[in-house]
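Asker: Quick mapping for you: the protein sequence lines, in order, are chains A and B.
Our numbering puts the first residue of the first sequence at 1142, with every later residue one more than the last.
Our numbering puts the first residue of the second sequence at 847, with every later residue one more than the last.
Hints are computed from structural coordinates only; laboratory data are not their basis.
One thing to keep in mind: the hints can contain errors.
[As the list claims (entries may be wrong)] As a list, the in silico DSBU-like pairs of lysine-lysine whose alpha-carbon atoms are at most 30 Å apart: (1) K1286(A) <-> K1152(B); (2) K1286(A) <-> K1120(B); (3) K1115(B) <-> K1138(B); (4) K1198(A) <-> K1307(A); (5) K1253(A) <-> K1309(A); (6) K1120(B) <-> K1144(B).
[As the list claims (entries may be wrong)] Footprint (simulated), chain B over chain A, 3 or more residues, beta carbon under 8 Å: (7) 1221–1228; (8) 1355–1369; (9) 1372–1383.
Cβ atoms here follow ideal geometry from the backbone N, Cα and C, with glycine treated the same way.
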Amino acid sequence: MLDIVQVEKSFNIGTVNEKKALQNLNFHMNDGEFVTVIGGNGAGKSTMLNVITGVYKPEGGKIFLDGQDITYLEEWQRAKYLGRVFQDPMMGTAANMQIEENLALAYRRTKKRGLSWGISEKEKEYYRQSLARLDLGLEDRMTAKVGLLSGGQRQAVTLLMATLQKPKLLLLDEHTAALDPKTAEKVLDLTRELIEEEHLTTIMITHNMRDAIRMGTRLVMMHQGRIVYSVAGEEKKNLKVEDLLQKFSEVSNGEFANDRMLLL
Amino acid sequence: MNFLNTLQAGAAQGLWWAVMTLGVYISYRVLDAADLTVEGSFPLGAAVSVVCINAGMNPFLALLVAFVAGCLAGAVTGMLNTICRIPPILAGILTMIALYSVNIRIMSDRASITIAADSARTLLMHWLPITNGTWVSILGGIVTNALLVAVLYLFFGTEIGCAMRATGQNIHMARAMGIHTRWMTILGLMLSNGLVALSGSFVAQFDYGSAMATMGQGAIVIGLASVIIGEVLFCHKDRSFAFKLIAVVLGAVIYRCIIALALQLDFLKATDLKLITAVIVVFALSLPVLKKQFAQGKLRRENERKLNGGGGTEHA
Ligand SMILES: Nc1ncnc2c1ncn2[C@@H]1O[C@H](COP(=O)(O)OP(=O)(O)O)[C@@H](O)[C@H]1O
Ligand SMILES: [Mg+2]
């Protein structure tokens, strides 16, 4: 369903700061797969998501979604296929708009916008039910500004928004990294629930190796703009954090002393 | 009753300038970018409509032409910003500068032209049983602003309107929601400058009786001053959108009244107007900060009093 073929992406080309973020990246995903992605800082994980979503256009290579070449589609054009949750809880919502208005924006992600009402009474009932399952009491605060919510609440709302219209592909970029451990756990549970219920094809970047092992159907490790390790099925289930550390030290020739991957 | 007359005149003027303030509100608050195109699109609206009126066009139709001309000016700034990737402030300045020349061309190489046929004002005076021009302006201004606030309120409740608000607030999120953010920015600037040009035409027809190339000077600051005065005096953050628009209109009226009253003072001259405007804007902009500092100072004094008075033992 997703095919990344020989994608190259560099930053600051032609300057001393030139940086190859993706080098001949090849990645294939089947329908219904849930891939967790790990890798050190600067491995190119976010950049991979950003070329999928169209924030950056690659210098070389192609990206296909369900057989359609989306390499050069504008970001807003391919948004109708993609659900996204960012690392920064502020990024995924409009702070000065109401919770229900934010949901209404998400509800129209796949639709053409016109001069009909931005939100209808019928939808509101649907949003109320959707919010109720978050179990955060937000269904009673639908007209509150999103800016009043905590980071965890905002991330939960963003997750709901990303899946309100079923996306072909759900992209999560360390979406619990900015949350305290307890909230992170809650948001992660919600993530798993939504993905399982809706059978969402998902890529989840995480810096927590335990989460990467226990969640998803496949785990891949990135290093220097490439995928260096991929494991699925029984082998993934039996994986230990030590195995990943071992693997990581192999690919990086032991230069990982300061990396936050070690912090789990 | 000189004082009341002054206030009436201020209100009459302010209501026509309020239309511009609504436009400024769209760029400054909804799109979150101070747009300097205003200084050129305001006289553009005046120039275009006066030329049309003098050529025999119905003055009310001329208002519509002014609106469309303003939309075009806004589209230019929008495209400079979104397609040529010129920062919003600079894009506005470029269009503003260009419009100065364009406006003088429109007025056949003159710096100003007088209305030489029936204006909307003279027609209204003719139709309405009111002989006082100031009251015609006040009545017409209230009706016009009420209509515009209603239309804007409805528009920003539509799917496109919501998409535009989202674009101004969080462009990353907007794109992720499949919103064509470039088009939204262009459309917003078109709407904004359309209103500004409409205001220029109103002011030319109801107040100045002419169009002048320089009449837009300082318009952006006047617009911002009005927006901020309206917000500071009438609006908390959580007010509804319609209420905010009304507050902005009232802000414009109050601004004009302040200016009109200030000019009554003997030691002030008409040329001091810009200085007064700047002072008002500085005052309005710093008011939230001053409020906060005042509140903090109060807290601190109370706190110190409590510590000194209550349990003196720690200090002893
Ligand atoms: N917008 C950018 N401009 C310049 N360099 C960037 C930009 N985005 C990412 N990079 C660089 O590309 C590399 C990969 O970054 P990223 O994909 O964010 O890594 P990860 O998400 O795996 O930590 C890093 O070296 C980073 O500094
Ligand atoms: Mg990253």
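Asker: All the hints need checking, so say for each whether the structure fits it.
Answerer: Hints versus structure:
{"no.": "1", "hint": "K1286(A) <-> K1152(B)", "verdict": "37 Å, violated"}
{"no.": "2", "hint": "K1286(A) <-> K1120(B)", "verdict": "38 Å, violated"}
{"no.": "3", "hint": "K1115(B) <-> K1138(B)", "verdict": "34 Å, violated"}
{"no.": "4", "hint": "K1198(A) <-> K1307(A)", "verdict": "25 Å, holds"}
{"no.": "5", "hint": "K1253(A) <-> K1309(A)", "verdict": "18 Å, holds"}
{"no.": "6", "hint": "K1120(B) <-> K1144(B)", "verdict": "35 Å, violated"}
{"no.": "7", "hint": "1221–1228", "verdict": "holds (count 4)"}
{"no.": "8", "hint": "1355–1369", "verdict": "violated (count 0)"}
{"no.": "9", "hint": "1372–1383", "verdict": "violated (count 0)"}
When the structure is compared with the earlier hints, violations turn up for hints 1, 2, 3, 6, 8, 9 and for no others.
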